[in-house]
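**Q** Given the coordinates of chain A, assemble chain B onto it according to the supplied hints.
Here the protein sequences come in this chain order: A and B.
So the first sequence is numbered by our numbering: it starts at 9 and just counts up by one.
So the second sequence is numbered by our numbering: it starts at 468 and just counts up by one.
Derived by calculation from the structure, the hints in this document are not laboratory data.
Errors might be hidden in some of the hints.
Claimed, not checked - Covered, in the sense of this in silico footprint (three residues per stretch, anywhere, with C-beta under 8 Å from a C-beta of chain B), are these stretches of chain A:
| no. | segment |
| --- | --- |
| 1 | 192-204 |
| 2 | 207-213 |
| 3 | 226-236 |
As the list claims (entries may be wrong) - A few chain A positions that, by computed beta-carbon distances, are all more than 12 Å from chain B:
| no. | residue |
| --- | --- |
| 4 | ALA24 |
| 5 | ASN31 |
| 6 | GLY32 |
| 7 | ARG57 |
| 8 | GLY65 |
| 9 | ARG82 |
| 10 | ALA106 |
| 11 | LEU151 |
| 12 | PRO277 |
| 13 | THR295 |
| 14 | ALA299 |
| 15 | ARG315 |
| 16 | GLU317 |
| 17 | ARG340 |
Virtual Cβ for every residue (Gly too), placed ideally from N, Cα, C.
Single-letter residue listing:
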Amino acid sequence: MTLTDLSLTPRPEAAADPLMVLNGIRQEFPAAGGRTVHALDGVTLEVQRGETLGIVGESGCGKSTLARAALLLRRPTAGEIRFDGKDALAMRGGRLRAHRRRAQMVFQDPNDSLDPRYKVLRSVMEPLLAAGVPRGEAKQRALAALEAVGAPDGAADRFPHEFSGGQRQRIAIARAIATEPELVILDEPTSALDVSIQSQILNLLLELQESKQLTYMFISHNLAVIRHLSHRVAVMYLGRVVEVGPAAQVLADPLHPYTAALLSAVPDPDAGPRERIILQGDPPSPTQRAAGCAFASRCWLATEQCRTEAPPLVHTDVAANPTGGHLVACHRPGEGQEALRLGLHPASSTTV
Amino acid sequence: MTATIATTDALAVEDLTISYGAGIPVVTGVDLRVGPGEILGVIGESGCGKSSIGFAVLGLLPASAVVDADRLDVGSHGMLEADEADWNQVRGRVASMVFQEPMSALNPCMRVGAQIAEVLLVHGLADKQAAHARALELLRMVQVPEPELRAKQFPHQMSGGMRQRIVIAMAMAANPRLLVADEPTTALDVTVQAQILDLLDRMRRETGAGVLLISHDLGVIAQTCDRVVVMYAGEIVEEGEPAEVLARPSHPYTAALVASIPTTTTPARQDLPMIPGGVRDADRATAGCRFAARCAFATERCASPQALVEIAPTHTARCWRSAELDLTTTTEATA
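Chain A with its partners taken away, still in its complex shape (with noise of 0.2 Å):
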């Protein structure tokens, strides 16, 4: 992976018109003893025009309720989404409908989307028929969208039990893309499937986005596959981005601690004897919303002002190309990296 990788680059005429852009998103939902959970607390990230933006976090970092935020699923409590310029949140009746068509989303479990009830054609016209498409143009549609994910013959005539969790994924995906859509979120595509499966939705994903021309918002807690199909890359930690920028500056030069452990802590197969950062105890309650640094509580570089005060997301000089849209949110950016590189970390500890 080199940066000289055309491939890695987005469209440059893409940068002056993001697709979407999602300004000071807040989710909070009331919690028992009328505490609050603030699941979303401020995201601000930009997806443009035929780019993978990768959104990596652990289970609770608030990944999954950006997604559903972003397509307006379940609404924000703050913040702005601006949809191909427009304002999504204004949205109401048809307009809304007429939206909803151009993002759509693929879940973890395909059969989240797919009714266990009806015929895989039935589910896949579903989104077309919502969108006001004529029936027999929609059935056109569907059987085109099941041939562009390489579905089975025959398939549209049969049940989602009659499939594998790979081919039943694949028809998730061909109702997602059925309505030919701008914007495709795919939240945990593959965590489900077998590894040689995922090979071939990864390699899927890929194909369609080159052919149809897609902008992808792809979620994963697998840094390895969030790798292999992002240009950039946010890192979420406790409802924050703390790190956004082009994938192979983030994942290769870190500058912010969490994402130098989370990418320390994954095994790879390929890597040999390293030093790993093993993270001390667990990611503190979204209920308690932390005055500084969300990580603040888990970092070995904490100091007082990162527990008093909240870091902007910013460019940094520390970053490889200071301008180049690497941003962090870090008192001490670039500094956990560092430490690992030169075997400084307290906690660390090499391992084969």
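**A** The following block gives chain B in isolation, referenced to the frame of chain A:
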């Protein structure tokens, strides 16, 4: 290492076959040996039989399963002819299990300290007071902070990683010779996974228990295990040290499996090598190579039966062509 370490193997299995009724066996001809303090990884995809092996060595398969073997020794106990009463003596005391979902292994209505102590009480290894003292000691051993407080809590008051530590504490309570861990970190986040794998590694060093680690994750296997067996369609296709097996595979299935996973060195946004098709019942029933129908290197000879052959002193593979194929280069060329 402490003085409690036994010299006998934690597990010795020879020619294990598992089938259900008259159906095609789900596992055939499997030989396994786990030495004291050793971690043996079992890797393979869904349906390869890896979990069935884990259940079989603990006598946990359903009554409909037919287990046949030449040898099935758990610690120093020969379990070939064992009945349920014999297994009850072994399970939890000589060998124990850690499952993927800690919540399904824990009683939601019972305080975790009492659950750990129960293992010792059931086997009559301690009285009530000693069992509770040992429970606290175990909680400290698995690095649960504030053990006195945690012992009084219920599973739902804990995070997934903490629950898995409790399950490991229960499994280690009676100082077993063998720990079977079936996807113990699959439900956990990567940073928590790193903690749990570290804990398993420390446990086996401190107690000398052998570990049978079942996983679909090549990275977990590479990082944790001393040896690995690769399963395909119910049989072992390759065995050796993880660094050797994963870097220089001698079976085309292992090579294809390794190549199909994106890693730090895979070129981004380019097609990954795929394994075409899937496992069919006919593949399981064939006398020859079960992978042949999906193998890029299959020849006529692959229809005839083949044994695991030695590639190197600690490396075996079940492939007629392992000597002539250079799968290291194949993996890199297609990746």
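**Q** Hint by hint, work out which the structure violates, then give me just those numbers in ascending order.
**A** 8 and 12
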